[in-house]
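As given, the protein sequences belong to chains A and B, one line each in that order.
Taking the numbering used here, I'd label the letters of the first sequence as residues 137 to 488.
Taking the numbering used here, I'd label the letters of the second sequence as residues 137 to 488.
Mixed in with the good hints there might be a few duds.
To be verified - Restraint-style ranges between C-beta atoms, simulated for each label pair:
| hint | chain 1 | residue 1 | chain 2 | residue 2 | range |
| --- | --- | --- | --- | --- | --- |
| 1 | B | 294 | A | 260 | 30 to 36 angstroms |
| 2 | B | 338 | A | 244 | 37 to 43 angstroms |
| 3 | A | 340 | B | 315 | 33 to 39 angstroms |
| 4 | B | 344 | A | 167 | 47 to 53 angstroms |
| 5 | A | 168 | B | 167 | 53 to 59 angstroms |
| 6 | B | 383 | A | 456 | 28 to 34 angstroms |
| 7 | A | 260 | B | 456 | 56 to 62 angstroms |
| 8 | B | 167 | A | 244 | 53 to 59 angstroms |
| 9 | B | 463 | A | 344 | 19 to 25 angstroms |
| 10 | B | 368 | A | 203 | 56 to 62 angstroms |
| 11 | A | 243 | B | 456 | 15 to 21 angstroms |
Just so you know, the hints here were simulated from the structure itself, not pulled from any lab data.
Just so you know, even glycine gets a beta-carbon here, dropped at the ideal spot from N, CA and C.
Chain by chain, the residues run as shown.
Number of protein chains: 2
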Amino acid sequence: MRSGGGSSADAGVAFGVDIGGTKVLGIALDAADAVVAEARVATPRSGTPLEGASPTEIGDQGAAVADAVAEVVAQLEAAVGAGSAGAADAPWGARAVGVGAPGMVDRAGRLRFSPNLPQGQGVDWRVLIGERLPGRKVVIENDANFAVLAEHRIGAATGYRHVVMVTLGTGIGGGIVIDGRVQVGGHGFAGEIGHMVVDPAGPPCPCGRRGCWERFASGGGLGLLAREAALAGALPGVVARSGGDPESVRGEDVTAAALSGDPDARRVVEEVGWWVGFGLANLACVVDPECIVLGGGLVGVGDLLLGPTRRAFAELVEGGSTRPGTVIVPAAFGERAGAVGAALGARAGGLE
Amino acid sequence: MRSGGGSSADAGVAFGVDIGGTKVLGIALDAADAVVAEARVATPRSGTPLEGASPTEIGDQGAAVADAVAEVVAQLEAAVGAGSAGAADAPWGARAVGVGAPGMVDRAGRLRFSPNLPQGQGVDWRVLIGERLPGRKVVIENDANFAVLAEHRIGAATGYRHVVMVTLGTGIGGGIVIDGRVQVGGHGFAGEIGHMVVDPAGPPCPCGRRGCWERFASGGGLGLLAREAALAGALPGVVARSGGDPESVRGEDVTAAALSGDPDARRVVEEVGWWVGFGLANLACVVDPECIVLGGGLVGVGDLLLGPTRRAFAELVEGGSTRPGTVIVPAAFGERAGAVGAALGARAGGLE
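Okay, chain A solo, but in the shape it has when bound:
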């Protein structure tokens, strides 16, 4: 970290904010692409279910999320040097801000559909955030599109021209680089890979359908599989760890138990790893990447997940050993990838 003083170097600092299902994470990136500040607050969630809520109620909840974004930006500003306020070349408050959100962000910055951030869905996200950050250039984009921008430009996938980024968090996010450029599709919604249906008779998904890939292969999916196993009596160690109630087992309990050597927990992580590899093989059929980057909180469990994922991919991908290999690597920026990419996008004015 360093404190700014209105120097011209300060002009190169950009802010990136990643709105996740559980936290709003912000970083300040300097002109040399170093992270010089970080801030985070919990993602506001109302206790009121959104199903059946009025547009006003939903709008209020979206506004609370926008408040959290503004709070993170204020913290970043304080950290990198509010002292530069008034400097002509980099006035306080003038820095560009990139904001990544999960779900279907259209080209006007509106969040059309977001199963894992329903409190931000349908409201005019760009206005909500823009009015809290007056005078700033705000760039809004899907979170995983920003994440793949970061990993492709300065992270784990530099040097590859065809990349898929898969973020394994509350759900699954996806960002796609084709021929060296982040591609967002005809309406901005490309890379919504977590909602490929992999089992039409599978468990219900917050998106309204059944058997989406993210029900099996995300942090949320891990929790789901673990609770099933716990209810069947197959996870005694994990259940003890999480207070004795099989229904309250969370994905984090399973990864912690797996890391400490619990063989039952490892089996559940391996099962999720298989599902991750299964979906990656499907993705490879469609876009044929040279490199797949895995990000999101779930990747913190490391090779316990990556090993089974790589094995399942090799076994399941069409053409198997007759095709050139696709490398599967963890994100260089870990959970910060989306925020780093958001800062890069803010500086460039978009995904270019």
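Assemble chain B onto chain A, guided by the hints.
Chain B only, in chain A's frame:
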């Protein structure tokens, strides 16, 4: 059709050949993109199963397919005017030839893996065809990549920048246009969409796995579902049509019966239409096209298939009515799309 006479107009004629699971189809395309000749021969198939066959045996079968390609080219040449032989500006035998093949065609023109053309798999396809067409420029590419080139440039998807072409034939082929260009991925294998697994416990696929999309949603998939229904006694009219043996029911029998009004056959076509729409919804999650073009023999059944496909897509696509529409249209070039695109590709020297 017109006969050439060594005129300069002849220089603009290119040949395109599409190798399918059942036929090798060739067309001659003039400089104004009109089809001026057509030729076809049956795809040679050995009675010998390829499983366990030696590389020499497989090579012999690949050579027979290459012979068929050369035969189609000779027929096209005869049709457009072998009389132009010797003309300095367009010597006989010098016309460029594009050849599309199903499966994973790499950047060197080698067919790495092809579940529906196993007799061409692994051999050096470019050499096999090239040595039969001496002095010609031969461009080899995945068949559906050529098909989407044709439909995007001069067919049903002109004016769209994000297009997916899905050919419903023996299997499913896929071609993808992103931001106005046909994209082939990191190794040339993008668009192998028929091998997305949609049911891990589904029926075995010639690719070696289970539950690939094309087992449910192609001409071959129609036959499979129909034989299941026939064995269960649910398709008496179709079984009668195909000689009384439920095991010998083919997809063509079902489409013919459906077109003549048989309600049982229509139900099977509708089921296939649902599966087509289901897979298109998955594809839309990944690449978000503005336009999806359906080609291949199965589309000949028209709205009996397209209706259920469009309804399933609208019901299943993520975001449903909150996202801008994606149009689903039949190919303008029908079963010729791959060959027309191959001719366009031959003329341009590739997919650019």
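If you test the structure against every hint from before, which numbers come out violated? 7, 8
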